[in-house]
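S.K.: Here's the letter readout for the chains.
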Amino acid sequence: MSRLRRILFEPFSSYVAAVLLALGSVLFALVLGGKLWGITTGESQIGGHVVDALGWQVEGLPYFQKFGLPPILTSGPQVHVFGLLLGGLLAALLLGEFAIRAVPGRRQLVAAVAGGILLGYGSRLAAGCNIGNFWSAFPSAGVNAVTFFGGVLLGAFLTVRTAVERGWFLSPPKKITLTFKPRRQRVVAVVVLASLAALTFLTRPGLAVTAWLWFGIFAAYVGYRGRLCFASAYRDLLLRGARSGRNAGAVAVGLLLQAAIFFPLALGGTKLDYSLAAGQGQLQVLIGGFLFGIGAVLLGGCIFSSAYRAGAGQVTALVGWLSTVFVGMPLLALHWDFWYNAVPRYLPKATLWDWGPGYGLLIAALVPAVWLLFALRADGRLRWPSPRKERTPEGA
Amino acid sequence: MTEAAQLLQQTKDLLTQTTNGAYLLDARGYTCPYPQLFARAAFGLVEKGTRLEILTDNPSSCENVPVSVRNLGQKFVGVESVSPGLWRIVVQKVR
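Sequence order for the protein chains is A and B.
Okay, so the first sequence: first residue is 1 according to this note's numbering, each after it adds one.
Okay, so the second sequence: first residue is 1001 according to this note's numbering, each after it adds one.
These aren't lab readings, by the way, just hints derived from the structure by calculation.
Heads up, some of the hints might be wrong.
[Unchecked claim] Pulled from the structure, derived: some chain A residues nowhere near chain B, Cβ distances all over 10 Å: (1) 6; (2) 33; (3) 96; (4) 157; (5) 176; (6) 239; (7) 335; (8) 338; (9) 362; (10) 369; (11) 373.
[What the hints assert, rightly or not] Label-pair restraints from in silico Cβ distances: (12) A/380 / B/1078: 44 to 54 Å; (13) A/106 / B/1005: 49 to 59 Å; (14) A/31 / B/1020: 51 to 61 Å; (15) B/1044 / A/72: 24 to 34 Å; (16) B/1016 / A/346: 52 to 62 Å; (17) A/6 / B/1020: 25 to 35 Å.
Even for Gly, the Cβ is constructed at its ideal location relative to N, Cα and C.
Turn these sequences into a full structure, and let the hints steer you where they fit.
M.R.: Structure below.
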């Protein structure tokens, strides 16, 4: 019983989560004829619908002309967003951990709102978040993956060294925890899961919507159980004196596994959709990534983790998620044509798989491998000679 | 590096001594990365050999705090569930 209990109801390692998420992502792409996983297009469309319903007509904006504003329930990417929230809820319920918690203090509330807005604004400016412009873009050998990663690390670095290490947004949170007995939580989880399955079966929304919904549930479930967070992966290697390479290492392993699967696909000529990050060139992706990096550190979560944590009852994440979807993304939609006209289009989207499988590996495998080495070193699992050797003063 | 005064003050405010000589760091409500930063600051405030119990309702901290504590060269003792969605991370200052 204890083994079964562990398999069903205990958290697992972030490495296990990353491997499962990588396998799920590839399967998702293959089921949808090469369509790669992304989150923020759907989120921005949901934001657009809500803002539109409030009387701010956005359908004519160039942003929505480009990305569309289809009805929510027939649009896979939008249904996916609900899948992520539900997946977080289900994971927390099944683990018996669901609780209304992390109610922010005044300054933390400011950080969560500002961080959420920057996540939304930056991700849509770059035309992709830590999933579309990173998790899916690296195995796609997209140039945007490297550009976005560079921007994110720069934004994260500056925010860690200032706001985080100096405690700019620290204020006592409300010590409120509202929870229920684990057994009751598991019953609710089974009821929710069965209702969703029945709803899918009865409405038969088509392969695409079904795949987006259930992949969202799966991804968030795996992310919550493995505590997988891209913001943590970017940030925790930069924290002086409190480094952790746990999430960075896990994400890097997930990227490498995807690369290992994409490589034979590329050799075999399988067509995947590399249209993610169809931004206006790499400078825009870089600026978007920079804003995203600041937002991720301020909020303490990425687009993926803020969704599943919000579903699991974390109020700070919910505040961030709402700010992302209903403020940051609509704001960017309003400014989209400004950026389109203002930013020079250096190096538009490109995938090195088109140059040949060997070139593709340069981005898909080499960059994550180097990142993995840094993560392992941070956790003391790998040592290499320190560059800080004592120098003998000249003439001594 | 110098410890940020704000972070240090917050850590002091969260830290209380328990009856068995251990220290309790009540980090409930704080999200990443603050629990691991508080833990690090707390190691600078307590004596060698002291047990430190970090109370958190942030699931990710159960993953991140042990790793960063080990990286600091301190001892990670274990994580135990206190109630649904609330954990106690036990660590010890060993140097």
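S.K.: Run the structure past the numbered hints and jot down the numbers of the failing ones, going up.
M.R.: 3, 5, 6, 12, 13 and 15
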